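Student: So you can see what is in the structure, the chains are spelled out below.
There are 2 protein chains.
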Amino acid sequence: MGVMSTVSSGQHTRPMCYLLLLMILQLGLHTAEGVWPLPQTLISSTERFHLSPQAFYFGYGRQSAAQQGCSVLDAAFMRYFALIFPDYTSGRWNLFSDKNEKDGTLPFSVDKQFTVEVSVDHNDCDGYPNESSSERYNLSVFSGRASLKAVTVWGALRGLETFSQLVYQDDFGSYFVNKTDIEDFPRFQFRGILLDTSRHYLPVQAILKTLDAMAYSKFNVFHWHIVDDPSFPYQSRTFPDLSSKGAFHPMTHIYTQSDVRRVISHARMRGIRVLPEFDSPGHTKSWGKGQPDLLTPCYKGGIPSGTFGPINPALPSTYHFMATLFKEVSVVFPDSYIHLGGDEVDFSCWKSNPYVRAFMQKMGFGSDFTKLEAFYMENIVNITSALNKTSIVWQDVFDYHERRSSLSVVEVWREGCYLCEVRRVAKAGLRVILASPWYLDLAGPTHNWARYYTVWPLAFKGTEEQKKLVIGGEVCMWGEYVDATNLTPRLWPRASAAAERLWSDEKQTSNVDMAFPRLQDFRCKLVRRGIQAEPLYVGHCKQEYQGI
Amino acid sequence: MGVMSTVSSGQHTRPMCYLLLLMILQLGLHTAEGVWPLPQTLISSTERFHLSPQAFYFGYGRQSAAQQGCSVLDAAFMRYFALIFPDYTSGRWNLFSDKNEKDGTLPFSVDKQFTVEVSVDHNDCDGYPNESSSERYNLSVFSGRASLKAVTVWGALRGLETFSQLVYQDDFGSYFVNKTDIEDFPRFQFRGILLDTSRHYLPVQAILKTLDAMAYSKFNVFHWHIVDDPSFPYQSRTFPDLSSKGAFHPMTHIYTQSDVRRVISHARMRGIRVLPEFDSPGHTKSWGKGQPDLLTPCYKGGIPSGTFGPINPALPSTYHFMATLFKEVSVVFPDSYIHLGGDEVDFSCWKSNPYVRAFMQKMGFGSDFTKLEAFYMENIVNITSALNKTSIVWQDVFDYHERRSSLSVVEVWREGCYLCEVRRVAKAGLRVILASPWYLDLAGPTHNWARYYTVWPLAFKGTEEQKKLVIGGEVCMWGEYVDATNLTPRLWPRASAAAERLWSDEKQTSNVDMAFPRLQDFRCKLVRRGIQAEPLYVGHCKQEYQGI
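Chains A and G, in that order, give the protein sequences. Per UniProt numbering, residue 1 is the first one in the first sequence, and the count goes up by one each step. Per UniProt numbering, residue 1 is the first one in the second sequence, and the count goes up by one each step.
Hints were generated in silico from the structure; no laboratory data involved. Incorrect hints may have been included.
The following label-pair restraints were derived from C-beta to C-beta distances [said to hold, decoys possible]:
#1 Arg414/A - Lys245/G: 47 to 57 Å
#2 Lys461/A - Ser305/G: 47 to 57 Å
#3 Ser348/G - Val512/A: 22 to 32 Å
#4 Thr454/G - Glu464/A: 48 to 58 Å
#5 Lys245/G - Gly69/A: 31 to 41 Å
#6 Ile303/G - Lys112/A: 29 to 39 Å
#7 Gly530/G - Asp126/A: 49 to 59 Å
#8 Ser367/G - Ala450/A: 32 to 42 Å
#9 Gly530/A - Lys245/G: 30 to 40 Å
#10 Arg414/A - Gln257/G: 52 to 62 Å
Partial list, computed: chain A residues near chain G (C-beta under 8 Å) [said to hold, decoys possible]:
#11 His200
#12 Ile303
#13 Phe308
#14 Pro489
#15 Met514
This structure is a prediction, so every number in the text was calculated from the model and none was measured. Beta carbons: idealized from backbone N, C-alpha and C, even for Gly.
Put together the whole structure using the sequences plus the hints.
Tutor: See the structure below:
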């Protein structure tokens, strides 16, 4: 595991080896580096160093802008110590090496000391990762020492994850890491996973566990599709009735402000942004329970039928409500992006309502309801812009919109020629997130991971400038058939296939057969870390899942 | 939950109510009885009795052949107490009521006492359930008392499961059970689940958990497909090399004799038979690692190619080995059935081998390799018959066999017109188990549960006698893509759909729309009991799965 055994070692042949390995990597013949997603450049040798948990330390480099006390890295050192030494259960270890003793003998151990020295250029320990955060890092593993350098603490987190995956155990349980040099950075800035907490409520623990697993695959955006038709679990400070009347249960099936803070904090510590989605004007049935006069009353035979449609775009009170709600949301969720939804609006209820029709006439929309939808969305976009937030919308909004220049980021989700749509959005000069090929909520045999792997997000005709507008992709886990009972095996390791597509160099990772054993290895690592990731095919892991 | 709220209650109208309810049941209008699979006859009223864990007892009827000390029922009382009162965590309760105090006041409680009195005709406490065990039971719930009568302890277990499903909690957490009369028995004698522990190793805990869940759906056969091509995890006393060389790992990925006993004992306590399968002559690659000269050497260009095919049917040593192995297996597994496999034999290796071809000539088989396979299987059937075991074979053996009279039970598994095959087997006078429509290892959206529900095993042209030969059905969970990480959500609640088909009256349970809310309820019960059963559709359970 994690060892390249085909190349002979030895001090004097090393430069040669490196060249050979570099060639092998470029030919795509890397089979078991043990790092998933594959780093941009990885040079390793068979020279290996023994690691002992009793003599293993994390430390900050002298020149590092962040030093001990940096919340993000201090906590990451704790986590990764346990991930690197899963068999080592004793609590008696020191996180940091005592620099004065560095070259002396350690009192309780005869093992050779090994220190991972982390240096970052910016002290962003107390901030949040954002769209322009660098995740680049360099990692060099030598005898007795690993040097991890990054621009930001978020990049350092990616490097720690990589280091943890480089460590392996031999058959006797001893830990080793090979001499390695890595230069790494993500191909795409936006690498997200959507969880839907409206169709089924996901306990906070299930979300936190997903964030853990996301960090293992270097995902960096948790897209929280928090409310929708079936339930409204977000407990709003301003409009508490939304959840007390719109959640599945007003006490047990909600996310309190404290729950939300916990999720955001857990995500931050892993370099993950939390992108909230409050989808409107469709997908809002549950909103109507706690907010009277928000939804459009549908009419039948000239009288209200008692049912309700999308949010009512014809009432000024609607925009007042939405502005107040988004004001709260923009404070609760620190990320600069907000997802506004805008997908699948059914016009039939609007059509049935005489007041909505009268509004259409007044506005000069004729009978073109896409104009009404565009009018609504433009108002919502303006509301969020005024709050200094960048808005994301589903592709429907782009498709119907006339004044596309007011839009910022469009998420492509429909089936069919999704790259045609990506191209159209990029041509219009807007940023694109691609979700269509990664609807993992649709169950299927695990071996369809290859379908999620062989996606080429930039394989459309366009200029370099246009391709740069594709800022990333997203795995969607919709909730019709998914809750905490099956979320994890349905998500992992198939989402990891998408993760490599979004992080790694496409040329080095285009071959499914070569990815297969690496993904099998990685899946066993996930299982070892307590993630219920399902198997790819017949076989076994050294440690099987025990958390029955 | 569990209450019929449409019928008014009241002392004097009760006989009327009963009639009405009976009619409703017969019309199939039962929507939320709360018992899955549906009992053959269920009459309930809205009259409900409060249950208090502090004043709830199990007891043996005066006339019961089994009394306190009956291992199966004593242990079941313990289990069902916890299942009936999941919120009651105090350990201070008495399992049995003190009969002398029955009409007096209890020292620690002002709650009214409730006793479930169990009576069985046969004291089969120390035996094993078998193919002819009655599972019939009658259950009557009155004020202060439930009377559960059964022929065997296995039937009493089914009745306890039913009783536990009748109990429900109101919004304040109080426990209730309604006045109810149930007469119940299974439609089919054989209701199995197959687990495959060769393609992936399943930790013993995962098997035990599956047995727990099986009991909740009244399954009564665990078909243990214990070995196959990829691995041989069964640790044989006689041939320890089979697992030490053929398992994925000789120490961590095996079932020791003690593991097997634990599984059999856990199953027995739940009225579940353990049916071992040692599939041959195909599906035996892993056997060859620990048993030289057992598999057929394949030839290429006149010389052995180094690869091996099915078990070698041309060597006397083969039959000696198989007789010795089955002698052990027949002692280790107490059930009177043994599954001999016999499916998917690839003839190409046999064809390539000159010694096998010579044997064919000697035996007068010409070039018909089905005759060779039939010869092999007949020998194996005779070996197990001599051990007083009834053999089950996959349908392939029936299809190729000429002397079908030596066969006993045939399991139909192929796709296509499976009822055509059922009919052919029944026409030949052999017993049939149907598996084709219940290959649940194939992932799919949970809502395809309806596909597993709308199976009509007896919908073939045949005499009453022939239909009686269909002894049951089986859910197959093959292991290519399944291990302990995804076994439970893939199995439940879809297997429960098959369970109702195999237990309940077909006329009362033919409608998917009426089954849906009942299965949703039942799925929430499974989740409450710690079974990671996946959701059927959008919605929620009062208690969501928390065992992240």
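Student: With a cut-off of 8 Å on the beta carbons, see whether Phe308/A makes it to chain G.
Tutor: Interface hint status for Phe308/A: violated (18 Å vs cutoff 8 Å).
Student: Within 30 to 40 Å or not, the Cβ separation of Gly530/A and Lys245/G?
Tutor: holds, 31 Å
Student: Just to be sure I understand the hint, the distance between the Cβ atoms of Ser367/G and Ala450/A should be within 32 to 42 Å; is that true here?
Tutor: holds, 41 Å
Student: CB of Ser348/G to CB of Val512/A, is that within 22 to 32 Å?
Tutor: The hint (22 to 32 Å, Cβ to Cβ) holds, given that Ser348/G and Val512/A are roughly 28 Å apart.
Student: Arg414/A and Lys245/G, beta-carbon distance inside 47 to 57 Å?
Tutor: The hint (47 to 57 Å, Cβ to Cβ) holds, given that Arg414/A and Lys245/G are roughly 53 Å apart.
Student: Closer than 8 Å between Cβ atoms is the bar; does Ile303/A clear it against chain G? Give me holds or violated.
Tutor: The hint is violated - Ile303/A has no Cβ within 8 Å of chain G, the shortest such distance being about 30 Å.
Student: Do the numbers back the hint for His200/A, that is, is its least Cβ distance to chain G under 8 Å?
Tutor: Holds: closest Cβ of chain G sits about 6 Å from His200/A, inside 8 Å.
Student: Would the hint on Met514/A stand, with a C-beta cut-off of 8 Å toward chain G?
Tutor: Where the cut-off is 8 Å and the nearest Cβ of chain G is about 21 Å from Met514/A, the hint is violated.
Student: Under 8 Å, Cβ to Cβ, is where Pro489/A needs to be relative to chain G, so tell me if that hint holds or is violated.
Tutor: holds, 4 Å
Student: Holds or violated: 31 to 41 Å for the Cβ distance of Lys245/G and Gly69/A?
Tutor: violated, 55 Å
Student: Range hint 49 to 59 Å: satisfied by the CB atoms of Gly530/G and Asp126/A?
Tutor: violated, 41 Å
Student: State, for the Cβ atoms of Lys461/A and Ser305/G, whether the hinted interval 47 to 57 Å holds or is violated.
Tutor: holds, 50 Å
Hints 5, 6, 7, 12, 13, 15 from the earlier list are contradicted by this structure; the remaining hints agree with it.
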